[in-house]
Structure formats: structure tokens, C-alpha cells
Amino acid sequence: MKLESLLNLKIWKEDEAKNRFAALLKELAAEEKKLVELEGRYSTIGRKLECTDEMVNIDEIKRLNEYLEHLLIGIHHQKRVIAEKERQVEEARKALIEASKEKRIFEKLDERHKTALKKEHKRKEQIRTDEHAGMGHYRKKSN
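In case it helps, full-length UniProt numbering puts the sequence shown at residues 1 to 143.
Among the clues, some could well be false.
[Claimed, not checked] Beta-carbon label-pair distances, calculated as ranges:
no.: 1; residue 1: Arg-104; residue 2: Glu-66; range: 48 to 58 Å
no.: 2; residue 1: Lys-18; residue 2: Ile-58; range: 34 to 44 Å
no.: 3; residue 1: Lys-79; residue 2: Ala-116; range: 50 to 60 Å
no.: 4; residue 1: Ile-97; residue 2: Ser-5; range: 15 to 25 Å
no.: 5; residue 1: Glu-37; residue 2: Glu-16; range: 24 to 34 Å
no.: 6; residue 1: Glu-32; residue 2: Glu-107; range: 34 to 44 Å
no.: 7; residue 1: Lys-119; residue 2: Glu-84; range: 33 to 43 Å
no.: 8; residue 1: Glu-90; residue 2: Ile-58; range: 22 to 32 Å
no.: 9; residue 1: Glu-37; residue 2: Glu-66; range: 17 to 27 Å
no.: 10; residue 1: Lys-26; residue 2: Lys-119; range: 30 to 40 Å
no.: 11; residue 1: Glu-90; residue 2: Asp-15; range: 15 to 25 Å
no.: 12; residue 1: Arg-104; residue 2: Thr-44; range: 24 to 34 Å
no.: 13; residue 1: Arg-104; residue 2: Glu-37; range: 35 to 45 Å
no.: 14; residue 1: Cys-51; residue 2: Glu-16; range: 44 to 54 Å
[To be verified] Heads up, simulated DSS-like pairs for lysine-lysine below, C-alpha to C-alpha not over 25 Å straight-line:
no.: 15; residue 1: Lys-94; residue 2: Lys-26
no.: 16; residue 1: Lys-108; residue 2: Lys-10
no.: 17; residue 1: Lys-18; residue 2: Lys-33
no.: 18; residue 1: Lys-33; residue 2: Lys-79
no.: 19; residue 1: Lys-101; residue 2: Lys-13
no.: 20; residue 1: Lys-34; residue 2: Lys-85
no.: 21; residue 1: Lys-103; residue 2: Lys-118
no.: 22; residue 1: Lys-118; residue 2: Lys-108
no.: 23; residue 1: Lys-2; residue 2: Lys-85
no.: 24; residue 1: Lys-18; residue 2: Lys-103
no.: 25; residue 1: Lys-114; residue 2: Lys-13
no.: 26; residue 1: Lys-2; residue 2: Lys-118
no.: 27; residue 1: Lys-33; residue 2: Lys-108
no.: 28; residue 1: Lys-13; residue 2: Lys-108
no.: 29; residue 1: Lys-26; residue 2: Lys-62
no.: 30; residue 1: Lys-13; residue 2: Lys-103
no.: 31; residue 1: Lys-101; residue 2: Lys-114
no.: 32; residue 1: Lys-2; residue 2: Lys-13
no.: 33; residue 1: Lys-119; residue 2: Lys-108
no.: 34; residue 1: Lys-79; residue 2: Lys-2
These are computed hints drawn from the structure, not numbers from a lab.
Owing to the predicted nature of the structure, the values given are computational and were not obtained by experimental measurement.
Built from N, CA and C at the ideal position, the CB exists for glycine as well.
Whenever a hint applies, use it, and build me the whole structure from the sequences.
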């Protein structure tokens, strides 16, 4: 039964690896969404600056340029965050693959163990049957 406990542990580890992988994928998607939003704001403000037909005061242009710089810094930061999340997702994927392999190995070992136990049980049953038949045959001869 020790093998069964190890198999249960491997199943638990695989489940944990699946959960971690799924959580990191969700986090990565959220970070990518933030990047898309930042890039969208950057494009909107950039177009606003380029397409202005009216006279815009210098203070407004400075303010928009500072905001664009702020957005650009945010975009670069977000790209680094995404790269780190992608690295974490890749590590979690590898851990999940490894946990799945280990679980499959223990499943095969458990199946082999159960098969061996069944064979042993059948062998013992056959010995008992043979002994019982032998006793019956011996009794008939004795009488």
C-alpha cells in the first residue's frame, strides 16, 4: 500500500502543478491586457497631438508630451513584467510536464504491483485447490 500512497502524492503534485500553471496563465493574460490598454492610450494621445487643427497652447503640448513619456515608461515596464510572467509560465509548464511524467510512472508501477498481487492470489488459490483435490483423491484411495 506504500506504492499507492506515493501514487496519491504524485497525483496531488500534478494537480498542484496544473493549478499553478493555470493561475500563471491567467496572470499573464491580465498583464498582456494592461499592455494593450497602455499602448491604446499611447496611440490615442499620439493621434490627438498629430491631428490637432486648432491652436493648442504650449502648456497643453508639454503636458501631453509628458503624459506620452509616462505612458512609454509604463509600456516598457509592462513588457518586462510580461517577459517575467512568460518565464514563470514556462517554468510552471515544465514542472507540470515533469509531475505528469512522475504520476504516469507511478501509475504503471501501481498497475504492475496490482497485477503481480492478482497473479500471486491466483497461484495461492490454485495451490489450495490442488491440495484440496489431492486430499480428496487420497481419501478415495484410502477407502
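To see whether the hints hold, each was checked on the structure:
1. Arg-104 - Glu-66: 48 to 58 Å: holds (57 Å)
2. Lys-18 - Ile-58: 34 to 44 Å: violated (57 Å)
3. Lys-79 - Ala-116: 50 to 60 Å: holds (56 Å)
4. Ile-97 - Ser-5: 15 to 25 Å: holds (23 Å)
5. Glu-37 - Glu-16: 24 to 34 Å: Since Glu-37 and Glu-16 have Cβ atoms about 32 Å apart, the given range 24 to 34 Å holds.
6. Glu-32 - Glu-107: 34 to 44 Å: Taking Cβ atoms as reference, Glu-32 and Glu-107 lie about 36 Å apart, which means the hint holds.
7. Lys-119 - Glu-84: 33 to 43 Å: Once the Cβ atoms are compared, 53 Å apart, the range 33 to 43 Å for Glu-84 and Lys-119 is violated.
8. Glu-90 - Ile-58: 22 to 32 Å: Violated, since Glu-90 and Ile-58 (Cβ atoms, about 48 Å apart) do not stay within the stated range.
9. Glu-37 - Glu-66: 17 to 27 Å: holds (19 Å)
10. Lys-26 - Lys-119: 30 to 40 Å: About 47 Å separates the Cβ atoms of Lys-26 and Lys-119, which means 30 to 40 Å is violated.
11. Glu-90 - Asp-15: 15 to 25 Å: holds (20 Å)
12. Arg-104 - Thr-44: 24 to 34 Å: violated (51 Å)
13. Arg-104 - Glu-37: 35 to 45 Å: At 42 Å between Cβs, range holds.
14. Cys-51 - Glu-16: 44 to 54 Å: Hint holds: Cβ distance 53 Å, inside 44 to 54 Å.
15. Lys-94 - Lys-26: Within the cut-off at roughly 17 Å; holds.
16. Lys-108 - Lys-10: Distance ~12 Å between Lys-108 and Lys-10 Cα, so the pair holds.
17. Lys-18 - Lys-33: holds (23 Å)
18. Lys-33 - Lys-79: holds (11 Å)
19. Lys-101 - Lys-13: holds (11 Å)
20. Lys-34 - Lys-85: holds (13 Å)
21. Lys-103 - Lys-118: holds (22 Å)
22. Lys-118 - Lys-108: Since the Cα atoms of Lys-118 and Lys-108 sit roughly 15 Å apart, the hinted pair holds (cutoff 25 Å).
23. Lys-2 - Lys-85: Cα-Cα ~38 Å, so violated.
24. Lys-18 - Lys-103: holds (13 Å)
25. Lys-114 - Lys-13: The hint holds at about 22 Å.
26. Lys-2 - Lys-118: holds (17 Å)
27. Lys-33 - Lys-108: Since the Cα atoms of Lys-33 and Lys-108 sit roughly 42 Å apart, the hinted pair is violated (cutoff 25 Å).
28. Lys-13 - Lys-108: Holds: Lys-13 and Lys-108 sit about 17 Å apart, inside 25 Å.
29. Lys-26 - Lys-62: Cα-Cα ~38 Å, so violated.
30. Lys-13 - Lys-103: holds (8 Å)
31. Lys-101 - Lys-114: Holds. Lys-101 to Lys-114 sits at ~20 Å (cutoff 25 Å).
32. Lys-2 - Lys-13: Roughly 17 Å between the alpha carbons, so the hint for Lys-2 and Lys-13 holds.
33. Lys-119 - Lys-108: holds (16 Å)
34. Lys-79 - Lys-2: Violated. Lys-79 to Lys-2 sits at ~48 Å, over the 25 Å cutoff.
Violated hints, in rising order: 2, 7, 8, 10, 12, 23, 27, 29, 34; the structure is consistent with all others.
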